[in-house]
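Given only the sequences and the hints, what does the whole structure look like? Please build it.
Sequence lines, in order, name chains A and B.
Numbering follows our numbering, with no gaps: position 138 of the first sequence is 138.
Numbering follows our numbering, with no gaps: position 130 of the second sequence is 130.
Calculated directly from the structure, the hints in this document are not laboratory data.
These numbers were taken from a predicted model, which means no experiment stands behind them.
Some clues are possibly wrong.
Per label pair, the in silico range of CB-to-CB distance [claimed, not checked]: (1) L70/A <-> E39/B: 23 to 33 Å; (2) L84/B <-> E39/A: 14 to 24 Å; (3) S75/A <-> S130/B: 23 to 33 Å; (4) D13/A <-> G98/B: 19 to 29 Å; (5) L84/B <-> E36/A: 21 to 31 Å; (6) R6/A <-> E55/B: 27 to 37 Å; (7) G52/A <-> P104/B: 21 to 31 Å; (8) R6/A <-> H79/B: 37 to 47 Å; (9) S75/A <-> H79/B: 25 to 35 Å; (10) E117/B <-> P77/A: 24 to 34 Å.
C-beta: ideal position from N, C-alpha, C; glycine also.
Protein chains: 2
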Amino acid sequence: MEKTKRFFATPQDAETAFYEALEQANLEAMMSVWAEDEEVICVHPGGVRLAGYAEVMEGWRQMFAQGTRLQIALSNPVHVQGLLISVHSVHEHVVVVGEDVRTPPVVATNIYLRGAEGWRMLAHHASPVSTSVPLTVETPKTLH
Amino acid sequence: MEKTKRFFATPQDAETAFYEALEQANLEAMMSVWAEDEEVICVHPGGVRLAGYAEVMEGWRQMFAQGTRLQIALSNPVHVQGLLISVHSVHEHVVVVGEDVRTPPVVATNIYLRGAEGWRMLAHHASPVSTSVPLTVETPKTLH
Numbered sequence: 001m002e003k004t005k006r007f008f009a010t011p012q013d014a015e016t017a018f019y020e021a022l023e024q025a026n027l028e029a030m031m032s033v034w035a036e037d038e039e040v041i042c043v044h045p046g047g048v049r050l051a052g053y054a055e056v057m058e059g060w061r062q063m064f065a066q067g068t069r070l071q072i073a074l075s076n077p078v079h080v081q082g083l084l085i086s087v088h089s090v091h092e093h094v095v096v097v098g099e100d101v102r103t104p105p106v107v108a109t110n111i112y113l114r115g116a117e118g119w120r121m122l123a124h125h126a127s128p129v130s131t132s133v134p135l136t137v138e139t140p141k142t143l144h
Numbered sequence: 001m002e003k004t005k006r007f008f009a010t011p012q013d014a015e016t017a018f019y020e021a022l023e024q025a026n027l028e029a030m031m032s033v034w035a036e037d038e039e040v041i042c043v044h045p046g047g048v049r050l051a052g053y054a055e056v057m058e059g060w061r062q063m064f065a066q067g068t069r070l071q072i073a074l075s076n077p078v079h080v081q082g083l084l085i086s087v088h089s090v091h092e093h094v095v096v097v098g099e100d101v102r103t104p105p106v107v108a109t110n111i112y113l114r115g116a117e118g119w120r121m122l123a124h125h126a127s128p129v130s131t132s133v134p135l136t137v138e139t140p141k142t143l144h
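Here you go:
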């Protein structure tokens with residue numbers, strides 16, 4: 001797989017690229033967001049923990065291979081910004097393209113590290129919010 | 001509530017105190033682990049996102065008020081350690097005391113910050129792993 005070297009000047013740039021790659025089911029773009037030299041962590045909703053760049057990539061490869069296209073709107077961001085690390089907590093509102101199914105909202109913790117090549121994702125932990133639990137959601141903010 | 005000021009010299013010290021407080025259902029000890037001056041984040045398994053010290057405390061208060069006592073063993077730790085922040089990913093194996101029920105394993109992302117008063121928890125994101133998903137688990141490492 002040819003590597004696209006992209007520079008993310010801010011954690012927000014990396015986050016935007018992450019969700020764009022997810023919507024586009026673009027594995028190369030997705031993996032360009034992740035830190036290659038760290039023990040990266042990825043937990044898909046309801047899924048096992050994937051650890052390490054290779055395992056995380058294989059998880060996305062399998063997910064994208066299913067051919068499902070998603071549209072994702074984000075809301076309720078909470079950001080804790082450090083010099084070298086940034087923690088973003090967001091609600092994801094996921095729509096499966098072509099299906100009239102409302103999936104439960106997902107809460108995601110996204111961690112970004114600043115390295116020589118800009119900001120990269122260290123961890124993505126996403127979990128569905130049980131629909132039996134009341135959830136206050138503001139108007140979703142679309143990514144685009 | 002009288003504040004116990006405790007100093008955690010390492011992220012691991014804070015993590016040990018976190019799980020001890022959880023097992024003991026001790027709200028004061030639990031809240032002494034959290035960073036008071038940050039926008040802390042807590043996601044209980046299947047639950048909504050709690051944000052801010054007061055909301056996180058109320059979440060623990062309600063949980064502890066239920067009277068359920070838990071025993072928790074941890075396994076599969078992955079740590080990414082920075083100067084001022086530390087990210088721990090662990091599997092939690094939770095047993096409800098007095099009940100012969102096997103709960104599904106939980107994957108937790110714990111984030112600790114180093115401040116003037118030592119290491120404190122910034123975020124705890126826990127989500128159950130769907131039991132339909134195969135999960136390789138090593139022998140659990142008990143906390144004590």
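In ascending order, which of the hints set out earlier in this document are inconsistent with the structure? When the structure is compared with the hints, numbers 4 and 8 turn out to be violated.
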